[in-house]
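*Asks:* Using the sequences plus the hints, can you model the full thing?
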Amino acid sequence: MHKPEAIYQVRSEKVVTRKVGDEMVIVPLVNSVADMTRVLTLNETGTAIIEALNGQNTINQVEEQLLAQFDVEQEVLSNDLQNFITEALDKQIIELIP
Amino acid sequence: MKLFLGPVQLNLSFEADIAPQLLPSAHFTAPLLTPVKTFNCHYTASSIDLPADYQLLFEGQASDPDQMPYRWSVWGAAPHLLVLVADFHQPENIRKITAFLDLEKMSIRVHFERTQLNEVLSIDPLLQPLGSLLLVYFAHLTGGFLLHASGVRDVDGKTRLFTAVSGTGKSTMAKLWQQKGAEIINDDRLWLHKIDKQWHALSTPMVWYAQQPMTAPVDQIFLLRQSPHNLITPLQGIKAQMRVMSNCIQHFHSREITTSHLNQVLDFTQNIPIFDCAFKPDPSIVEEIRTLL
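Residue numbers (the working numbering), protein chains in the order written: chain A, 739 to 836; chain B, 832 to 1124.
Keep in mind that the hints were calculated from the coordinates and are not lab data.
Please read these numbers as outputs of a predicted model, since none were measured by experiment.
Glycine included, each C-beta is placed from N, C-alpha and C at the ideal position.
Possibly wrong hints are sitting among the right ones.
What the hints assert, rightly or not - Below, computed lysine to any residue pairings styled on SDA-like, alpha-carbon distance capped at 25 Å:
(1) Lys752(A) to Leu887(B)
(2) Lys1070(B) to Lys741(A)
(3) Lys757(A) to Pro1065(B)
(4) Lys1070(B) to Asn798(A)
(5) Lys833(B) to Ala847(B)
(6) Lys752(A) to Lys989(B)
(7) Lys752(A) to Phe889(B)
(8) Lys1028(B) to Val758(A)
(9) Lys752(A) to Asn1078(B)
(10) Lys757(A) to Thr783(A)
(11) Lys752(A) to Glu1087(B)
(12) Lys1006(B) to Asn1078(B)
(13) Lys757(A) to Pro1044(B)
(14) Lys989(B) to Ala930(B)
Claimed, not checked - What follows is a set of in silico ranges between Cβ atoms, one per label pair, in the way DEER data are often shown:
(15) Asp987(B) to Glu802(A): 16 to 22 Å
(16) Thr796(A) to Gln886(B): 51 to 57 Å
(17) Asn1061(B) to Glu802(A): 37 to 43 Å
(18) Thr796(A) to Asp987(B): 56 to 62 Å
(19) His740(A) to Gln1101(B): 31 to 37 Å
(20) Asn792(A) to Lys1011(B): 21 to 27 Å
(21) Lys1011(B) to Glu789(A): 56 to 62 Å
Unchecked claim - Footprint (simulated), chain B over chain A, 3 or more residues, beta carbon under 8 Å:
(22) 795-805
(23) 811-825
*Replies:* Below, the structure written as structure tokens:
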């Protein structure tokens, strides 16, 4: 469980991101070499989440922002957000701001 | 000697111990497009050690050591300073290629390590894998990229690309179209390059035969899958675009090059209709594709 007051941001030195419409592509960099075998694509929701993880919003604030943006129940969203953060940390796309 | 690869001109010069023999690139001696970048390439038959300030960026090995009897690697000392190295397992006339690239000065210095020191080395200046590795950088520097795909220009001028990993039917598909009157641009690898806001497919020198330089504006792209039945499905969105990108020849060592590559591929895939194409290898697929709007 990621804490409600925690703040996350994209590890911009480790990825190249590019938004296309509502979707996003993320190319991981390993020592600035592109790892084209681990390219990720995000749908509209994933893109909204990663954009909300901007190094300023707490998880609570991200959740509020997304609730206003999408027609979704709070419990479902909260779960999805937790899973997204776990996976994004695992893939080294985002980091916790200490 | 001059060679013309897509929008790139190569001015080649050779030490007296090398006699250049154009094989795959024999037809690339006149420009098909107006050159936008010129590289000066100097070739010597003296061996050289890799300077200590170069770090390994990528390495690769052929899956079939008989067809591709070498290991290759790319080393970098700065974003614009690269060395391409190829080591041959069963050396015939050369053991090793070491090619120094300066992407800012647009210069290439190629060292061949000979097996017979006292003989003049008769060699193709774009032999494998040097030619293929250089193409990746030439395409990048001129705003394009390389794609594993076959391309055919139909009798009505419509040009279609068929992209897939090896062994999925790129060249089979090209042959089926040829039987129906279309012209094959290339059956394995294409250089995508934008001319006057329109993406074109260019042929490149191949390994096994003397390819003709050709270019055509691209109309449609098909992601190939083998299947007992034909099924063509139009695709949209980022996932389809990334399926095309996964068939690109892409080894990039800096954020700047990666960003530029991503931008080019996204622009290409946003402007060309993409289809998933399950097909059985017989001429019926040609007629089905021709009926698509």
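*Asks:* Against each hint, give a clear statement of whether it holds in the structure.
*Replies:* Now the hints, each set against the structure:
1. Lys752(A) to Leu887(B): 19 Å, holds
2. Lys1070(B) to Lys741(A): 32 Å, violated
3. Lys757(A) to Pro1065(B): 22 Å, holds
4. Lys1070(B) to Asn798(A): Not OK: lysine 1070(B) and asparagine 798(A) at ~30 Å, beyond 25 Å, violated.
5. Lys833(B) to Ala847(B): 17 Å, holds
6. Lys752(A) to Lys989(B): It is violated: about 41 Å lies between the C-alpha atoms, which goes past 25 Å.
7. Lys752(A) to Phe889(B): 18 Å, holds
8. Lys1028(B) to Val758(A): The hint holds at about 19 Å.
9. Lys752(A) to Asn1078(B): 23 Å, holds
10. Lys757(A) to Thr783(A): The hint holds at about 13 Å.
11. Lys752(A) to Glu1087(B): 13 Å, holds
12. Lys1006(B) to Asn1078(B): Given that 25 Å is the threshold and the Cα spacing comes to 20 Å, the pair holds.
13. Lys757(A) to Pro1044(B): Roughly 35 Å between the alpha carbons, so the hint for lysine 757(A) and proline 1044(B) is violated.
14. Lys989(B) to Ala930(B): 39 Å, violated
15. Asp987(B) to Glu802(A): 16 to 22 Å: 56 Å, violated
16. Thr796(A) to Gln886(B): 51 to 57 Å: 40 Å, violated
17. Asn1061(B) to Glu802(A): 37 to 43 Å: 50 Å, violated
18. Thr796(A) to Asp987(B): 56 to 62 Å: Check passed, 59 Å falls within 56 to 62 Å.
19. His740(A) to Gln1101(B): 31 to 37 Å: 35 Å, holds
20. Asn792(A) to Lys1011(B): 21 to 27 Å: 54 Å, violated
21. Lys1011(B) to Glu789(A): 56 to 62 Å: 48 Å, violated
22. 795-805: Not satisfied, violated; 0 residues make the cut.
23. 811-825: It is violated, with 0 qualifying residues against the three required.
The structure shown violates the earlier hints numbered 2, 4, 6, 13, 14, 15, 16, 17, 20, 21, 22 and 23.
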